[in-house]
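Quick note, the sequences are listed as chains U and C, same order. For the first sequence, UniProt numbering gives the first residue as 1, with consecutive numbering after it. For the second sequence, UniProt numbering gives the first residue as 1, with consecutive numbering after it.
It should be emphasised that the hints constitute simulated quantities derived from the structure, not laboratory data. Please note: incorrect hints may appear among the correct ones.
Pairs of lysine-lysine, DSBU-like flavour, derived with a Cα cap of 35 angstroms [stated by the list, open to error]:
hint : chain 1 : residue 1 : chain 2 : residue 2
1    : C       : Lys34     : U       : Lys103
2    : U       : Lys103    : U       : Lys34
3    : C       : Lys114    : C       : Lys103
4    : U       : Lys114    : U       : Lys34
5    : C       : Lys34     : U       : Lys114
6    : C       : Lys38     : U       : Lys34
7    : U       : Lys34     : C       : Lys114
8    : U       : Lys38     : C       : Lys103
9    : U       : Lys103    : U       : Lys114
10   : C       : Lys97     : C       : Lys114
11   : C       : Lys38     : U       : Lys103
12   : C       : Lys38     : C       : Lys114
13   : U       : Lys34     : C       : Lys34
14   : C       : Lys34     : U       : Lys38
15   : C       : Lys38     : U       : Lys38
16   : U       : Lys103    : U       : Lys38
17   : U       : Lys97     : U       : Lys114
18   : C       : Lys34     : C       : Lys103
19   : C       : Lys103    : U       : Lys34
Over 10 angstroms on every C-beta distance to chain U, these chain C residues come out as not near it, computed from the model [said to hold, decoys possible]:
hint : residue
20   : Arg75
21   : Ser76
22   : Leu78
23   : Val79
24   : Pro80
25   : Glu83
26   : Ile84
27   : Ser86
28   : Gly89
29   : Glu92
30   : Arg93
31   : Asp95
32   : Arg100
33   : Phe106
34   : Thr108
35   : Gln112
Where a beta carbon is used, it is the ideal one built from N, C-alpha and C, also for glycine.
Below, each chain spelled out in residue letters.
Number of protein chains: 2
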Amino acid sequence: MAGVMRDLEDLVEPEALTGSVSYRLRLLQIAAYKSFEKTITGFGAAPRYYGMLKLVQANPGIHQMRLAEAIFLDRSSLVPIIEILSREGWLERRDAKSDRRVKRIFLTDEGQDKLARLEAEVARHEAVITDGFTPAELDRLRGDLARIDANLRGFLAAPNVEQSA
Amino acid sequence: MAGVMRDLEDLVEPEALTGSVSYRLRLLQIAAYKSFEKTITGFGAAPRYYGMLKLVQANPGIHQMRLAEAIFLDRSSLVPIIEILSREGWLERRDAKSDRRVKRIFLTDEGQDKLARLEAEVARHEAVITDGFTPAELDRLRGDLARIDANLRGFLAAPNVEQSA
DNA sequence: TATTGTTATACTCTATAACTATA
DNA sequence: TATAGTTATAGAGTATAACAATA
Numbered sequence: 001m002a003g004v005m006r007d008l009e010d011l012v013e014p015e016a017l018t019g020s021v022s023y024r025l026r027l028l029q030i031a032a033y034k035s036f037e038k039t040i041t042g043f044g045a046a047p048r049y050y051g052m053l054k055l056v057q058a059n060p061g062i063h064q065m066r067l068a069e070a071i072f073l074d075r076s077s078l079v080p081i082i083e084i085l086s087r088e089g090w091l092e093r094r095d096a097k098s099d100r101r102v103k104r105i106f107l108t109d110e111g112q113d114k115l116a117r118l119e120a121e122v123a124r125h126e127a128v129i130t131d132g133f134t135p136a137e138l139d140r141l142r143g144d145l146a147r148i149d150a151n152l153r154g155f156l157a158a159p160n161v162e163q164s165a
Numbered sequence: 001m002a003g004v005m006r007d008l009e010d011l012v013e014p015e016a017l018t019g020s021v022s023y024r025l026r027l028l029q030i031a032a033y034k035s036f037e038k039t040i041t042g043f044g045a046a047p048r049y050y051g052m053l054k055l056v057q058a059n060p061g062i063h064q065m066r067l068a069e070a071i072f073l074d075r076s077s078l079v080p081i082i083e084i085l086s087r088e089g090w091l092e093r094r095d096a097k098s099d100r101r102v103k104r105i106f107l108t109d110e111g112q113d114k115l116a117r118l119e120a121e122v123a124r125h126e127a128v129i130t131d132g133f134t135p136a137e138l139d140r141l142r143g144d145l146a147r148i149d150a151n152l153r154g155f156l157a158a159p160n161v162e163q164s165a
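Generate the whole structure from the sequences, applying the supplied hints.
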């Protein structure tokens, strides 16, 4: 068992990688996503769209276009996702009265119930990831991640990137 | 300018998301990758395989199979990547003498030179991400990320996941 | 029989462009 | 003219299965 892990033991991981925050983030995200999908089953396609479902819950009736922007997707890419989650009973589209072009997205009652149960699974997985951290350490870590987030948003929003120095 | 950012300002982001380490990791990785690709140009396909190139540099002659495992790819998925990076002059494959089935992967001399220049760009990007962090805070953050990494590795290596509680 | 690299193939996720209906 | 949602289509990136060469 764990053949990969054993094989990797004698792999030289250069400090340029292990010491790099962006590289760490990349590998961590891959590993976290893998364990997430491995742990949480029985919810159809929803787990990978958990964040989106929570956004809809917190912003009931959000315009489809705005939802796409919020999760950094093209509006066309969101269509099949909405389609699947509607078919699975999580979401529903309703026409906006003010502007007949837009669709407003809502959780169904069934979606609300299922999301509550999914959330418990997500919390269980979060506990695995943060095992051994004290509440104070977790607060600190969240703060650090938020700082990096702010750095990145500022950088990506900057008009020209050619010479940032 | 920055239309998306303005639109997102009045979006409600539930605490279940902003407070979740795994969700943060996911969004951060996406943003970091975007800014990475936006910043670092003129190196062909190499930037996205920077981590792999550094692994080859630190493990010259690594077997193709083992390299695939190290970056969590199927061996078949690595083939076209090696192909591209060879065509662009970064890598070369050599037959292993001991076992004529295996190919050993090396950086070319040109690859060594170009990687040194690429590394400087990567360092510049890393500085953007970690802007405002003191060296002590950075050490602390790297330690925290390493702890999460250890948690995930232990969890993914565990034989059965059905009931982790 | 098992393993390494390869190929053929398919699947998932995403974006671009064009279409429609509204505005 | 511009915008929201949709559709058609294509491009990455990945995995699975089958193959040849070798162990």
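When the structure is checked against the list of hints, which entries are broken? Sort them ascending. none
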